[in-house]
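There are 2 protein chains.
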Amino acid sequence: MQTKKMYGGIEAGGTKFVCAVASGPGQIVDEIRFQTTTPEETLGKAIRFFQPFVSSGQVGAIGVGCFGPLDVNVESSQYGFITATPKRGWSHTNVLGILRGGLGIKIALDTDVNVAALGEFKWGASRGFDPSLYLTIGTGIGGGYIKDGRSLIGLLSPEMGHLRIPHNRELDSFPGNCPFHDDCFEGLASGPAIEKRLGAPGAMIPEKHPFWNIEADYIASAIMNYVLTLSPKKIILGGGVMQREFLFPKVRWRVRELLNGYVSSKSLLEHIDDYIVPPGLGNQSGSLGAIALAIQIDAEPKDSRV
Amino acid sequence: MQTKKMYGGIEAGGTKFVCAVASGPGQIVDEIRFQTTTPEETLGKAIRFFQPFVSSGQVGAIGVGCFGPLDVNVESSQYGFITATPKRGWSHTNVLGILRGGLGIKIALDTDVNVAALGEFKWGASRGFDPSLYLTIGTGIGGGYIKDGRSLIGLLSPEMGHLRIPHNRELDSFPGNCPFHDDCFEGLASGPAIEKRLGAPGAMIPEKHPFWNIEADYIASAIMNYVLTLSPKKIILGGGVMQREFLFPKVRWRVRELLNGYVSSKSLLEHIDDYIVPPGLGNQSGSLGAIALAIQIDAEPKDSRV
Chain A
536 MQTKKMYGGI EAGGTKFVCA VASGPGQIVD EIRFQTTTPE ETLGKAIRFF QPFVSSGQVG
596 AIGVGCFGPL DVNVESSQYG FITATPKRGW SHTNVLGILR GGLGIKIALD TDVNVAALGE
656 FKWGASRGFD PSLYLTIGTG IGGGYIKDGR SLIGLLSPEM GHLRIPHNRE LDSFPGNCPF
716 HDDCFEGLAS GPAIEKRLGA PGAMIPEKHP FWNIEADYIA SAIMNYVLTL SPKKIILGGG
776 VMQREFLFPK VRWRVRELLN GYVSSKSLLE HIDDYIVPPG LGNQSGSLGA IALAIQIDAE
836 PKDSRV
Chain B
536 MQTKKMYGGI EAGGTKFVCA VASGPGQIVD EIRFQTTTPE ETLGKAIRFF QPFVSSGQVG
596 AIGVGCFGPL DVNVESSQYG FITATPKRGW SHTNVLGILR GGLGIKIALD TDVNVAALGE
656 FKWGASRGFD PSLYLTIGTG IGGGYIKDGR SLIGLLSPEM GHLRIPHNRE LDSFPGNCPF
716 HDDCFEGLAS GPAIEKRLGA PGAMIPEKHP FWNIEADYIA SAIMNYVLTL SPKKIILGGG
776 VMQREFLFPK VRWRVRELLN GYVSSKSLLE HIDDYIVPPG LGNQSGSLGA IALAIQIDAE
836 PKDSRV
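For the record, the sequence lines run as chains A and B. Following my numbering, the numbering of the first sequence begins with 536 at its first residue and continues without gaps. Following my numbering, the numbering of the second sequence begins with 536 at its first residue and continues without gaps.
Bear in mind the hints are in silico, worked out from the structure with no lab data behind them. Just to be clear, a hint being listed does not mean it is correct.
Note: identical chains are not told apart, hence a pair may lie in one copy or across any two.
Dumping the calculated PhoX-like pairs for lysine-lysine here, alpha-carbon to alpha-carbon at most 25 Å [said to hold, decoys possible]:
{"id": "1", "residue 1": "Lys-622", "residue 2": "Lys-801"}
{"id": "2", "residue 1": "Lys-768", "residue 2": "Lys-682"}
{"id": "3", "residue 1": "Lys-801", "residue 2": "Lys-785"}
{"id": "4", "residue 1": "Lys-837", "residue 2": "Lys-641"}
{"id": "5", "residue 1": "Lys-682", "residue 2": "Lys-837"}
{"id": "6", "residue 1": "Lys-580", "residue 2": "Lys-551"}
{"id": "7", "residue 1": "Lys-837", "residue 2": "Lys-768"}
With these hints in hand, go ahead and build the complete structure from the sequences.
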């Protein structure tokens with residue numbers, strides 16, 4: 536009997552950690568979830584979970600999708616550190632170093648959204664579409680871009696949520712709530728921005744509320760900019776705000792209206808329903824993406840991230 | 536005596552063609568410039584210029600940076616064609632096919648701005664900086680992004696000039712002149728937009744004119760979006776509008792103000808004078824970029840573009 540190779544994945548969120556051993560979707564051998572407390576306790580739990588799989592040689596590589604801000608520059612002396620974060624006790628934590636020290640196997644780390652993008656590219660809605668873009672619109676807004684099968688990291692990892700877009704002041708007097716940029720995309724369109732503006736969370740706002748057209752305009756403006764800059768072959772919209780499914784047709788319609796025929800691709804002009812889509816892995820993009828990252832570093836002995 | 540290998544480059548502009556045989560900057564063996572007339576006449580001249588170098592075996596690969604719109608998708612049946620262009624006689628011209636048919640050697644074609652970006656990356660101001668961005672702000676606005684040594688092409692080639700950015704209607708009542716998007720970046724900030732707004736070309740507008748701060752804000756807004764999306768390690772600003780050198784400090788200052796410390800990179804926070812820079816190759820980015828493209832396809836026998 537042939538046994539499939541197994542990998543470790545950590546979805547390291549600011550609220551909770553998910554650790555899994557798996558060979559792919561639907562092939563999860565073991566999984567544990569726990570609250571994010573102190574770095575020592577939280578990373579210690581993760582190490583203890585993987586230890587038996589590592590000792591027995593069943594798991595030789597682990598991928599980590601981590602909350603940020605994160606130093607993902609492999610040439611930096613702080614590679615794999617969380618940098619300055621409001622999350623108490625976690626500023627300047629060497630997440631990657633602690634995990635490597637505790638487990639002694641190949642481990643790579645990337646931002647949560649890059650890893651989710653990778654999961655969707657390997658097994659989800661953007662499978663076979665390179666380059667592709669995964670955007671999450673929830674508590675914050677972030678994007679992961681996959682090119683040549685890997686997440687894009689340049690000077691730093693992208694911070695696509697903070698795009699500067701036109702603010703419809705005529706219909707939307709909300710000043711924006713981004714502490715850095717006021718009315719950037721995240722400051723106008725994230726879940727907390729919706730709640731602060733309307734006095735109730737997005738999930739409670741009825742579909743007929745006129746605000747949703749404004750929200751769709753902001754999302755579409757950002758998507759227009761991603762299309763013109765990154766030229767992805769598939770765009771996935773995830774996150775809590777996009778749970779309101781009626782937003783998808785609104786956003787697609789507005790993207791086409793804004794581009795106005797300028798990008799003459801059939802994907803946009805004729806098949807936009809297949810171009811801007813929800814995640815294929817539901818809420819597992821992150822944990823499966825971490826497994827996908829482990830598979831990737833295991834396959835490339837000279838991977839610079841390891 | 537060792538002879539350096541030689542390559543062909545074509546800067547195929549809508550107004551003029553530059554054809555060169557060279558091994559690199561300052562090593563131009565022969566060069567010809569002529570007006571862009573009909574496709575037959577213009578491409579015929581290019582073929583006749585290169586023919587002796589090809590026959591003698593001196594040139595085995597040619598790179599072309601071409602005006603657009605262009606189909607650069609290697610999987611498309613129209614790869615290497617100019618698509619629908621207002622330039623009379625050139626719509627649906629198989630530029631790549633005609634050149635290949637006439638010369639019978641390896642030829643690759645990319646957009647003019649991608650090729651200029653490649654030239655700057657190989658020999659100019661972004662040498663050693665991967666990923667990097669080259670932006671031209673002139674008659675039109677366009678950008679080329681180099682990642683892993685090659686220009687980014689996705690669904691299509693990027694059209695970064697048409698980014699949707701905040702329009703400062705309070706200080707700038709000009710509605711924008713983009714036929715597709717009115718007040719996109721190009722519609723607000725290109726050379727023709729400046730001239731239409733102020734009644735005189737940008738070259739004639741005095742440095743003290745308050746409009747330049749608005750122009751710098753538009754350029755900085757677009758750069759902020761490129762930084763957050765593409766995370767380049769170097770940004771080059773070329774084109775006619777950027778000939779006004781006083782714009783550089785204005786743009787750099789405004790980029791830092793807009794980002795407001797959010798992207799915590801020394802390149803932005805401490806060394807922005809070295810981060811946003813003019814082209815290193817002056818007005819030769821395009822023709823040298825075409826040579827760089829020829830070198831690239833010559834070195835990779837399995838290059839998908841050939």
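Here is what the structure says about each hint:
no., hint, verdict
1, Lys-622 - Lys-801, "between (44 Å within a copy, 23 Å between copies)"
2, Lys-768 - Lys-682, "both (10 Å within a copy, 17 Å between copies)"
3, Lys-801 - Lys-785, "within (19 Å within a copy, 40 Å between copies)"
4, Lys-837 - Lys-641, "within (11 Å within a copy, 32 Å between copies)"
5, Lys-682 - Lys-837, "both (18 Å within a copy, 19 Å between copies)"
6, Lys-580 - Lys-551, "within (12 Å within a copy, 66 Å between copies)"
7, Lys-837 - Lys-768, "between (28 Å within a copy, 23 Å between copies)"
When the structure is compared with the earlier hints, no violation turns up for any of them.
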